[in-house]
Amino acid sequence: MAEKTTTVKKNNPIKTFFKNNGAILIGYGLLIVVLIILKGETFYKWSNIENVIRQAVQNSLMAFGITFILVNGCVDLSVGANCATTGVILVLFLNMGVPLWGAIIITLIAGALMGLFNGFFVTEWNLLPYVVTLASQNIYRGLGYVISGGLPVRNLDEGFAFIGNGRILNNMVSVPIIIMLVCFVFCSVFMARTVTGRHMYAVGGNQEAAQYSGINPKKIKKIAYMFSGILSAVAGIVLASKLYSGQPSSGVGYEGDAIASNVLGGVSMKGGTGTHMGALIGALVLATLTNGFNLMQVDFYYQMIVKGFVIILAVEIDVLKKAAEEANISLRELLFPKKK
Amino acid sequence: MASEYILEMDHIEKTFPGVHALSDVHFDLVAGEAHGLVGENGAGKSTLMKVLNGIYKKDGGTIKIEGEEVQMHGIVDAMNKGIAFIHQEISLVPYMTIAENIFLGCEKKKATGVDQYAMKVEAQKILDSLDMPLDAGEYVYHLTIAQQQMVEVAKAVSKNVKILVMDEPTASLSLREQESLYEQVKMLKSRGVAIIYISHRLEELWILCERFTVLRDGCYVGTRDVATATNQDVVNMMVGREVDNYYSERLHAPAEDVVLEVKGITSDVVKNVSFDVRKGEILGMSGLVGAGRTETILAILGIDRRLGGEVYLEGEKVEFKNMSDAIKKGFMLVPEDRRGQGLVLGNTVGFNIILPSLKKIYKNLTINYKLQDEIIDTYAQRMRIRMSGTDQRAGNLSGGNQQKVVLAKWLSMSPKVLVMDEPTRGIDVGAKAEIYELMTELAKQGVAIIMISSDLPEILNMSSRVVVMYEGEVKKIFDTAEEELTQEKIMTYAAGVGGNE
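In order, the protein sequence lines correspond to chains A and B. Residues in the first sequence are numbered from 1 upward in steps of one, following my numbering. Residues in the second sequence are numbered from 1001 upward in steps of one, following my numbering.
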């Protein structure tokens, strides 16, 4: 039989990047252009840009965790509470005289356990993720109040403060940004290059297919929840350090921004698609919006309203984009069909 | 004797709380054969297969593979022993490429992680060797159902299967796509793969299989060679009694009394579609899947964007704005996916029947319970729904009875035109005859029925007239009063060979 040669092309990562994130990048680009025109150097000088990224760190870290969850077709509402309580745990252990590295490891384990707790009830008891994490949100925050006695617990150790407030590279870059980038690279590589990461896409895309291919969806989902817990703990560590204290009342509503960042970045709430790059861009868009409004001295209350509308608009664009992609036509053809 | 059988299942027992699902079931399989597994819904076919792949633990009996007794411990175990499954519902991950789907669960790795490129190359090799015109890098959601089916076959082949279980693989395929699937089955057989073929389409036994085994109510009825059996034999074995007349009497289209007239309907999918439906007839709509039959209805309903054409209901021009507008005017749809679109499965039979009539019952903050019960009872009886009571969950009914609930629901709204999309798909032989009877009855009472169907015998035996569509256009309208219809005549037009009329 004559050998047929079908050429197999390697994926071009840059092309894929623009294909996945095209719509949001255009929107983000427009936003930046508008801000440069309106504010000029005030906006684009390095200290402001660095400020924007630093503002995005907290949210991005939690958004990275949420990406794992959403790709699996689940949701996690407990990340804000997790973040506050892990912060308290870190400071309590520091105050007990545990060295910084030890306290950090303990805190990360605590975060992982909180994630696994969610994962257990979602997979083994088959409860709805929304309900489980809504409940565990209360449990974790309550736990934070109990162990802290309801008040912020302080620690003024210099090493500890460096995590959230330090600057390196000639004072150009804040430490939290480096932490965020390290987490970003880890998450992205994990999702794209490990078998478990690929299985997450399979479980979220078609759980039954995954199961019949010999994948254990329960295990995969537990791992996703564990990652979400760990990343929330990282966010908790950074936040506590920034505030020189663990505050049980911090992090309220953070889960909303984290989910919004993912949605803005094209991570589907239905599962199966989305990347950490998307989540990062989403978080940066939100931070840039806030920064722009602040530079223009827009009232915070109005900012919230605008932010809400931006999210709705972004999601609609994403939905249309997906519909067009599935019908194999361009977005323009979908919106403006030719009448005959 | 070294076993001539690649698979032997003997005295298989399985009990669920309250149900003896399998009792003393026997099944055997020879390498390179296709073995039909038939039986009505609930006969125990899927249970037997789930015992085979280890999802269910058997309560008794033995499973031997190539003469050696084995214990099955789940899907992965079955896969390692060379057993693969192709399910009725496509089970691929839509947002992954063909290559990723083929290697799902056994990904290729390199030092830096999953090796996408190697998987793509390997997958392409498999696709090429099977003569499948697909690109391994394509995303699955871009593929047609038939192409997805091909990917499933390729996936099975990549795992070096010895035994492939195909559970109603042609249920959602068009005729031409079925042909391509048959080719693939034959190709697999020639490679020595043994195939267990589960199907409700009995004619497929003679196309594909060497032998068949019949199950009834969890019991083994018998295994026979296809060559010495007739269709009637199989049906009798399945039902356990003589079923002679399968189809109801055929109706003829009256010359006048046009209820619905469609003139030049055009949408993104269909072009210039014209036909009419008359009072008391069953108008068959035939064509390959994707020929635009359902899409024609969607365009009439205004659910798909209409780019041209007119619709007349009882001589009056109508423009349906949406489904509820159409229902108000007497145009109703029994959807193909009755579990997904026809019924609220978690709720009761009564709830489902009363759903469209709620406005009659809930008025001015009072609830007319009497009228509610009256409507539910009348139509449940008229449709002869077999149930424990109207408070039974719709999801627990058999497919045939679920279809009757959908019919009852619309009848309570006195439809003028009733569109039935694949009315008997996935319904038992016995229940099918009942659905046909009900359809004929309804038509006689003056309902104009449009029956979209991919089942050619159904089209041939039930329709008064047949509209054949191809690639969004009407190719031919047959009137069964004027000429004897054959499958070949319909296929000629459905495949686009015949000219426009």
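There's no promise every hint is true.
[Unchecked claim] Take a look, some chain A residues computed to stay more than 12 Å from chain B by CB distance:
| no. | residue |
| --- | --- |
| 1 | Gly102 |
| 2 | Met172 |
| 3 | Ala209 |
[Claimed, not checked] Covered stretches of chain A (chain B as the covering partner; in silico rule of three or more C-beta atoms under 8 Å from a C-beta of chain B):
| no. | stretch |
| --- | --- |
| 4 | 210-217 |
| 5 | 231-242 |
[To be verified] Below, simulated SDA-like cross-link-like pairs (lysine to any residue); rule was C-alpha separation at most 20 Å, straight line:
| no. | chain 1 | residue 1 | chain 2 | residue 2 |
| --- | --- | --- | --- | --- |
| 6 | B | Lys1108 | A | Val189 |
| 7 | A | Lys322 | B | Lys1081 |
| 8 | B | Lys1081 | A | Arg193 |
| 9 | A | Lys270 | B | Asn1322 |
| 10 | B | Lys1271 | A | Lys321 |
| 11 | A | Lys321 | B | Tyr1139 |
| 12 | A | Lys219 | B | Gly1137 |
| 13 | B | Lys1159 | A | Lys219 |
| 14 | B | Lys1050 | A | Val189 |
| 15 | B | Lys1416 | B | Leu1345 |
| 16 | B | Lys1109 | A | Ala327 |
| 17 | B | Lys1057 | A | Arg193 |
| 18 | B | Lys1108 | A | Ala327 |
| 19 | A | Lys15 | B | Gly1137 |
| 20 | B | Lys1050 | A | Gln211 |
| 21 | A | Lys39 | A | Ala327 |
| 22 | B | Lys1162 | A | Val189 |
Keep in mind the hints are simulated off the structure, nothing from the lab. Idealized CB from N, CA, C, for every residue including glycine.
Least C-beta distance between A/Gly102 and chain B, which was stated to exceed 12 Å: holds, 31 Å
Restraint status (C-alpha distance of A/Lys39 to A/Ala327 at most 20 Å): violated, 41 Å
Proposed proximity, A/Ala327 with B/Lys1108 (alpha carbon, max 20 Å): violated, 31 Å
Proposed proximity, A/Val189 with B/Lys1050 (alpha carbon, max 20 Å): Violated, because 37 Å separates the two Cα atoms, which is more than 20 Å.
Three-residue Cβ test at 8 Å for the coverage of the stretch 210-217 of chain A by chain B: Satisfied; 6 residues make the cut.
Whether chain B covers the stretch 231-242 of chain A (at least 3 residues having a Cβ closer than 8 Å to its Cβ atoms): Since 0 is below three, the answer is violated.
Straight-line alpha-carbon gap A/Lys219 to B/Gly1137, limit 20 Å: violated, 28 Å
Cβ separation check - A/Met172 to all of chain B, threshold 12 Å: holds, 31 Å
Proposed proximity, B/Asn1322 with A/Lys270 (alpha carbon, max 20 Å): violated, 27 Å
Hint consistency between B/Lys1081 and A/Arg193 [alpha-carbon to alpha-carbon, up to 20 Å]: The given pair, whose Cα atoms are some 29 Å apart, is violated under the 20 Å limit.
Restraint check for B/Lys1162 with A/Val189, where alpha carbons must lie at most 20 Å apart: It is violated: about 37 Å lies between the C-alpha atoms, which goes past 20 Å.
Hint consistency between B/Lys1109 and A/Ala327 [alpha-carbon to alpha-carbon, up to 20 Å]: violated, 33 Å
The structure fails to meet hints 3, 5, 7, 8, 9, 10, 12, 13, 14, 15, 16, 17, 18, 21, 22 from the earlier list, while all remaining hints are met.
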